[in-house]
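Engineer: Sequence:
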Amino acid sequence: MRALTVVPHRAGSLALTEVPDPVPGPGDLLVESVAVGVCGTDREVVSGDYGYAPPGRERLVIGHESLGRVRQAPAGSGFSPGDLVVGLVRYPDPVPCVACAHGEPDMCRNGRYTMRGLKELDGYASEMWSVETHCAVRLDSGLGETGVLLQPASVVAKAWEQIEKIGTRSWFEPRRVLVTGGGPFGMLAALLGVQRGLDVHVFDFVKSGPKPELVADLGATYHTGWIEDVMTALRPDVVVEACGAAEVFTGALSTIGPYGIVCLTGVTPGSRRITVDVGTLNREMVLENAVVIGTIDSNLRHFTAAAGALAVSNRDWLARLISRRVPLHRYADAYERRENEVKVVLTFG
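Counting from 1, one number per residue, gives the positions in the sequence shown under UniProt numbering.
Don't read these hints as lab results, they were simulated from the structure. Note that beta-carbon positions come from the ideal geometry of N, C-alpha and C, so glycine has one too. It cannot be assumed that every hint is accurate.
Across the chosen pairs, the derived CB separations fall in these ranges [claimed, not checked]:
#, residue 1, residue 2, range
1, Y259, G144, 39 to 45 Å
2, L16, Y259, 50 to 56 Å
3, G308, E228, 21 to 27 Å
4, R283, R337, 37 to 43 Å
5, W171, N340, 39 to 45 Å
Let the hints inform the model, and build the full structure from the sequences given.
Structural biologist: This is the structure we're talking about:
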């Protein structure tokens, strides 16, 4: 069968190659690919900036945002042929650490976790794949192709879970949230905020294209300009930072109000330097009981919560998050960045 593979840390190595058909174990599903989502991390892998092949192998099958249909399922597994499913991404380390031992590999303490399509495990960008039944999540069949949004939705489901847990350190009744960044994480974070009944606002740098309309149709409010001005005007209770721009991160952090929570989901590039008055920032955060947290990846609980959130979402709105659909034979196009895109999906079939 065909799969998209790279030689990790070698730019220009992306290729559609022949690999052996998966051989599912007695507790595994055999799945036929429907689509694979493409994100910034995938582009880093393709560019040679990240990625680790399975032990003893040169090439890695990429793709961690999966969507497929079950072709074969073990008896009594709860899955049936034809089910729409997504596979988990992060697997526990072999020791395991205390977090992995408690079903929280996304919070791994020793860094020996593995990740499908990223770190020492083949991903899902192949015509067929196998996955352990306890590492698969069944989706509402009506989601169709938009089910490929489940993995990024699971990451923001975890972000909201962490926000709510930290908020309940004391009385917590948030009313307004600002999401910074109108990419997939930002849009899905806004969606989950609307589902929680919050007054949702989204900040992004672009002034045209699909993002402002998507936000408006969600029932939220779109903002551009200077992040400090937006923060001062809105005084949000919660900020979900999903754009990864250093000036947005520092602007949100320095202007968050009393008892505010800033949750970081976007990874800021390390090459740019911005001067910050750390002393004043520390003083204000202490005096205002503010909190900043970072979160990345997700576990089965978050995938399940995200599947429930997508199941009750407007299907047309979800479909509009997919800006571009690229067939497998044109795979290189999927990893090119284009302006004003939200989500790019590689399709099989």
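Engineer: So the hint says 39 to 45 Å: do the beta-carbon atoms of W171 and N340 match that?
Structural biologist: Given about 41 Å between the Cβ atoms, the range holds.
Engineer: Do the Cβ positions of L16 and Y259 conform to the proposed distance bound of 50 to 56 Å?
Structural biologist: holds (52 Å)
Engineer: Determine whether the Cβ-Cβ distance between Y259 and G144 falls within the hinted range of 39 to 45 Å.
Structural biologist: Because 41 Å falls inside the window, the suggested range holds.
Engineer: CB of G308 to CB of E228, is that within 21 to 27 Å?
Structural biologist: violated (36 Å)
Engineer: Is 37 to 43 Å right for how far apart the beta carbons of R283 and R337 are?
Structural biologist: For R283 and R337 the Cβ distance comes to about 39 Å; the hint holds.
In this structure, only the earlier hint numbered 3 is contradicted, and the remaining ones agree with it.
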